[in-house]
Amino acid sequence: MTDLLSYLNEPFAQNALLAATLVAVMCGLIGPFVIMRRMAFAVHGTSELAFTGAAAGLLLGGHALAGAFIGALVVAGLIGLFGGRERERDASIGVILAFGLGLGVLLLSFYKGFSAQATNILFGNIFGVDNGQLALLVVVGMLVCITMLTMYRPLVFASLDPEVARARGLPMALLSGVFLVVLALTVTEAAQVVGTLLVLSLAITPAAAAQRLTVRPASLTVLSIIFALTASVGGLLLSLAFDGIKPTVCITGISFAIYITAFLATLRRQ
Amino acid sequence: MQEPVVRLHDATLKLGGRTLWKNLSLDIAPGEFVAVLGPNGSGKSSFIKTLLGLYPQTTGSVQVLGTPPPQSRTHIGYVPQQKAFDRDIPLTGRDLVALGVTGSRWFAQFTKPADEKRVASAITQVGATRYASKPLGRLSGGEQQRLRIAQAIVGNPQLLLCDEPLLSLDLASQQQIATLIHAQRQKGSAVVFVTHEINPILPMVDRVLYLVGGRWAMGTPAEVLTTERLTMLYGMPVEVLNVHGRILVVASNEHALTEPHDAHHHHVIHEEDRS
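Chains V and U are the protein sequences, given in the same order.
Following our numbering, the numbering of the first sequence begins with 159 at its first residue and continues without gaps.
Following our numbering, the numbering of the second sequence begins with 205 at its first residue and continues without gaps.
Everything labelled a hint here was simulated from the structure, so no lab data went into it.
Incorrect hints may have been included.
[What the hints assert, rightly or not] Far from chain V by the CB rule (all over 10 Å, computed), these chain U residues:
| id | residue |
| --- | --- |
| 1 | E207 |
| 2 | G257 |
| 3 | L258 |
| 4 | P274 |
| 5 | R277 |
| 6 | T296 |
| 7 | G304 |
| 8 | G307 |
| 9 | R309 |
| 10 | P339 |
| 11 | G341 |
| 12 | A356 |
| 13 | G418 |
[Unchecked claim] Partial list, derived from the structure: chain U residues whose beta carbon lies under 8 Å from chain V:
| id | residue |
| --- | --- |
| 14 | P272 |
| 15 | H386 |
| 16 | G423 |
The structure displayed is predicted, hence computed values, not measured ones.
Glycine is no exception: its CB is placed at the ideal position from the N, C-alpha and C atoms.
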């Protein structure tokens with residue numbers, strides 16, 4: 159435990175904690191909407207393509223994180239373009255995902271530098287967040303949170319009762335477009351913490367656990383954020399306390415444990 | 205005379221190259237109950253969507269509360285086609301009604317006590333207080349539909365648009381939902397009610413808009429639902445029967461029996477089964 163306290167004085171651990179907190183709040187916020195709008199595959203697709211963006215960023219300017227964010231915006235645009243209707247969306251994400259990953263591998267083969275920077279994004283590298291990256295994470299995180307709060311109620315309406323929401327004149331295309339961008343940015347940011355392959359453990363699992371426990375949209379969001387924070391920050395601290403266990407493993411483990419607990423606790427009621 | 209709630213002048217709607225209705229002119233007064241009838245695909249739902257501004261008319265003019273449709277949306281209550289909610293939808297009945305008040309508000313803000321009062325009063329009006337706090341997805345079709353009515357009337361709209369609100373409900377629920385809509389019209393709302401089955405609402409209907417293959421007829425049920433008028437409208441022999449106060453539209457020629465008549469036909473059989 160003394161180890162843990164001394165770690166917390168280190169800048170790398172402080173940066174990691176801040177990043178983990180930020181990512182948990184963002185993921186907790188969007189998670190319920192990902193479930194309501196059945197976009198789990200979009201989360202998976204955009205997160206894996208963060209790898210391609212990172213590879214392109216490295217190759218072009220030596221900046222993996224910036225590349226991943228720009229890549230996320232491109233992917234959001236492509237999904238919006240190809241997958242207009244809900245029924246077509248999953249297929250078009252699959253198409254984009256397959257091509258994008260191939261492109262990522264190609265880009266990486268051209269890169270002569272230290273390619274761990276790009277592969278890091280597959281499994282997360284939370285302890286490698288430097289001050290410049292942290293600043294970028296904070297700016298994007300604030301942007302996502304402000305956008306989500308601004309459109310919170312209309313997005314609930316549009317996601318759960320689309321016919322009436324459209325009749326009321328809510329801008330449905332704008333809402334789903336903006337949400338897609340928010341999702342892509344959040345997922346890319348989360349990829350930095352848990353890795354693209356495990357983003358769902360923060361973007362879906364906490365919300366899925368929360369959904370077992372409540373049917374009110376507001377408490378769903380609050381619970382989902384609390385669960386994401388518990389997993390993200392808790393996993394990070396656990397990994398610091400027990401040297402040698404990767405934070406990613408602890409985060410996904412806690413996240414899954416929360417879900418299992420919620421599942422078992424409500425098993426009889428269902 | 206009062207300003208009409210809905211005014212169409214020579215309006216035509218074409219969708220995907222097909223003319224749904226042509227040169228439609230009509231006025232709907234406050235408190236008036238208009239049933240929109242016709243076979244599937246004749247543009248009944250599209251008529252409602254035009255009043256909502258979602259399908260703008262191809263030619264002619266459409267005014268709702270004195271303005272083009274998109275601007276009057278906040279004064280319109282809309283009950284969509286009866287369709288069950290997902291079992292796991294994260295809403296209670298009360299939340300669904302509340303969306304009618306706060307769902308269109310931007311910038312997260314806390315619900316005001318006045319909003320909650322309006323929601324509670326709408327829920328009381330439709331008699332859904334007992335189950336309003338339960339998960340919406342676990343309620344019966346009739347209970348869900350009551351809450352939909354509450355959501356539509358919570359803003360005390362001047363126009364209530366209902367798209368097949370009785371579909372797939374049992375007969376008792378049909379009667380209850382129809383009565384709730386009737387109550388709202390007695391408070392002064394004009395009602396446009398799309399249905400393929402007029403009998404449950406026949407006693408409360410002032411006028412009927414009948415759409416068939418681009419043609420239309422409008423008038424009281426007694427004027428429009430006659431053998432002569434509907435034969436002209438369908439362009440084929442159609443018979444209107446009055447059986448114990450129920451109106452049945454059947455093709456005179458059994459071989460020409462088409463889908464909409466079939467629906468009426470089934471209903472008769474169903475009724476006989478019950479008695």
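- Item | chain V versus G341 (chain U) - minimum CB to CB distance exceeding 10 Å, so not interface | Given that some Cβ of chain V is not farther than 10 Å from that of G341 (chain U), nearest at about 8 Å, it is violated.
- Message: If we take the beta carbon of G257 (chain U), is the closest beta carbon in chain V still more than 10 Å away?
- Response: At roughly 7 Å from the nearest Cβ of chain V, G257 (chain U) sits no farther out than 10 Å, so the non-interface label is violated.
- Message: Using Cβ atoms and 10 Å as the threshold, tell me whether R309 (chain U) really stays out of contact range of chain V.
- Response: For R309 (chain U), whose nearest Cβ neighbour in chain V is about 5 Å away, the distance does not exceed 10 Å, so it is violated.
- Per-residue hint verdict: H386 (chain U), partner chain V, C-beta under 8 Å: 21 Å, violated
- Closest CB of chain V to the CB of A356 (chain U) still more than 10 Å away: A356 (chain U) is in fact no farther than 10 Å from some Cβ atom of chain V, at 8 Å.
- Task: Measuring Cβ to Cβ, find out whether G307 (chain U) lies farther than 10 Å from everything in chain V.
- Result: 3 Å, violated
- Is the Cβ of G418 (chain U) more than 10 Å away from each Cβ in chain V? 25 Å, holds
- Message: Minimum C-beta separation from G304 (chain U) to chain V exceeding 10 Å: can you confirm that?
- Response: Its Cβ does come within 10 Å of chain V, the nearest being 8 Å, so this is violated.
- Query: Are all C-beta atoms of chain V more than 10 Å from that of L258 (chain U)?
  - Reply: The claim breaks: L258 (chain U) does not keep its Cβ more than 10 Å from every Cβ of chain V (closest is about 7 Å).
- Item | Outside-interface status for E207 (chain U) - nearest CB in chain V farther than 10 Å | 22 Å, holds
- Query: Looking at P339 (chain U) again, its CB stays over 10 Å from all of chain V?
  - Reply: 4 Å, violated
- Mind checking the CB of G423 (chain U) against every CB in chain V and telling me if the closest is under 8 Å? 28 Å, violated
In this structure, the hints that do not hold are numbers 2, 3, 4, 5, 6, 7, 8, 9, 10, 11, 12, 14, 15, 16, in rising order.
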